[in-house]
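A.B. asks: Hey, can you work out the whole structure from these sequences and the hints?
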Amino acid sequence: MRRAWRRFRRHKLGLFGLIVILVLLLSSLLAPVILPWDPYGVDLVKRYQAPSVHNLLGTDQLGRDILTRVIYAGRVSLMVGVFAVALQMAIGVILGLVSGLGGGWPDEIIQRTAEVFLSFPSLILVFVFVAVFGPSLMNVILSIGLFGWAFPCRLARGEVLSAREDEYVLAARAFGASSLRIALRHILPNIVAPLLVNASLLAATAILYEASLSFLGLGVQPPTPTWGMMLKVAQNPSTLKNYPWTWIPPGVMVSLLVISVNFIGDAVRDALDPRYSRG
Amino acid sequence: MIHYFIRRILLSLLTLFLISIATFAILKIAPGGPIDMLLFRTGGALSETVREAYVKKFGLDKPIHLQYLYWIGNTLRGDLGLRMKNSRPITEEVAKALPNTLELMGVGLGMAVLVGIPIGIIMAIKQYSLLDYGLTVFAFVGVSIPAFFLAFFLIYVFCIRLSVLPIGGTTTPGQPWSLINHLKHLAIPSLSLAVAEFAATSRYARSSMLEKMNAQYVTTARSKGLAEWRVLTKHAFRTALSPIVTMLSLRLRDLIAGTVVIETVMSWPGMGMLFMDAVSSRDFTLLMGLTLITGAAMIGANLLADLAYALLDPRVRYY
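Residue numbers (our numbering), protein chains in the order written: chain C, 1 to 279; chain S, 1001 to 1319.
It is possible that part of the hints are untrue.
Unchecked claim - List time: in silico EDC-like cross-link candidates among lysine to aspartate or glutamate, alpha-carbon distance up to 20 Å:
id, chain 1, residue 1, chain 2, residue 2
1, S, Lys1212, S, Glu1228
2, C, Lys232, S, Asp1277
3, S, Lys1096, S, Asp1277
4, S, Lys1126, S, Glu1228
5, C, Lys241, C, Asp38
6, S, Lys1028, S, Asp1277
7, C, Lys12, S, Asp1132
8, S, Lys1212, C, Asp270
9, S, Lys1126, C, Asp270
The hints are simulated quantities; they were obtained by calculation from the structure and are not laboratory data.
C.D. replies: Okay, structure coming up:
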């Protein structure tokens, strides 16, 4: 574990990503305390103010401070990134374990179902879900989680299939350990590594999906700010041209968060994978 | 090898069948069904005769399994039914929209292959150099930027500040169709999608190539005294290619998802815009048709990828 951490530290981009995420996390947790502006306070006198000493990133079309809204919106994205992925991984890994260890017809059924889900861009399924059941943060998290389990499931199953021939598993079986015990105590800890790497990829995708949904009005509803929704104003050509401070910050923030998550994932992979001979 | 192909084709058909059932079931079960939509549009004043005519027209009074069989039967004959919104034949709308979307996706995939793979290989060959490092960062950024933000950025730079490219649509209305004009309209939407594609492909090509470059058979080839160039192209590259092909079919999913947003932003009349239209107007028949087509396209692409994989890697054929 310590070795892995040392290797992680050598990956400069991963460190950068980690720092960005920590800063974002801290600022979104401390936001109500350190930011004097109200993200919901409509002030029609101060609409579309350019960045100034009063409002560091300017104000939006309803006079709300953009910096504050951007940081509050970060909370939404972080929540989606964490919970949607947690849901995906939970379903996927459990089904992957059952599929890989059980074999036989549960394996076939689960794999066929996974293939059906994998044949679709999950964004489309998410759209349909949100369109049918209404847009809200909960629905966004639920739909991303419920429709994205196929990828981690397939991954987990692959890992389980190769892990189950390992000697410690055979030894455990020889001792009469039940399949459940083997799955939880022996196999699971050993397949965590590649799953974690993919979790970061899933998180990046989930954050991008949330942004797309909110951008199209199908995600979190106003007045709660979210980066995708803040980008929506850019669809108006006059806003695009004249008030770039309203849409550039949220776009940059989404990109930054996703890049950081990707960097971390790459760093974790390099740290845990002995195949890449990096001196 | 034939055995492998037949097995893959049969499995694909099974998956397609399951998809059709799933699509049908979900849209039938979902709240806010077609009758509710009609009620909404007429403001609640729905006379019995109109209601019955509607129900009869879309066959909603028949038992569920018969509805499904009718739908499938018609689809196989090329008739996807009528849209609920304006009763236009779905097949016609799809036929109009599909080429536009294929254009966008074609550019995306084309760039992924023509730009992404060579960049990835260069990164692998010159590993640890400044070039590799810089390209890696660039690839990461490319993958992480949401396509619509990139599109806005490009619009800002090229349309508003520089006035070089037009903002939306496929052609400039009022002018006769010209290739140059069309390409100008095509530039921003397809580029926004393509960046993510070739960024992802280049990273994957890099790691795949790296893996093979250091493999034993390559070292053997080098020790035999073959020219480095030959070693790389004939031995390392050929085997590095097969995982890349598999990955491309995975990227197809993201491409399709990407077209939905980009087309809406840029007013590009393709399947994505059609899909958004269906979602916002709760047009269930259109949604069913589109979902089925998308699923079929994905399955077809996966099948092609499997075939290509088998052709490239002889070990796979006896599976």
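A.B. asks: For every hint, state whether the structure bears it out.
C.D. replies: A quick look at each hint next to the structure:
Between Lys1212(S) and Glu1228(S) the alpha-carbon distance is near 14 Å, which keeps this suggested pair within the 20 Å criterion. Between Lys232(C) and Asp1277(S) the CA atoms are separated by roughly 18 Å; this keeps the pair inside 20 Å, and the hint holds. For the proposed pair Lys1096(S) and Asp1277(S), the alpha carbon gap of about 15 Å is at most 20 Å, so the pair holds. Among the hinted pairs, Lys1126(S) with Glu1228(S) is consistent with the structure: their alpha-carbon atoms are about 13 Å apart, no more than 20 Å.
Restraint check for Lys241(C) and Asp38(C): the C-alpha separation of about 26 Å exceeds 20 Å, so the hint is violated. Among the hinted pairs, Lys1028(S) with Asp1277(S) is consistent with the structure: their alpha-carbon atoms are about 19 Å apart, no more than 20 Å. Between Lys12(C) and Asp1132(S) the CA atoms are separated by roughly 14 Å; this keeps the pair inside 20 Å, and the hint holds. With a C-alpha separation of about 17 Å, the suggested pairing of Lys1212(S) with Asp270(C) holds against the 20 Å cut-off.
A threshold of 20 Å between alpha carbons decides the hint, and for Lys1126(S) with Asp270(C) the separation of about 18 Å falls inside it, so the pair holds.
Checked against the numbered hints given earlier, this structure breaks only hint 5.
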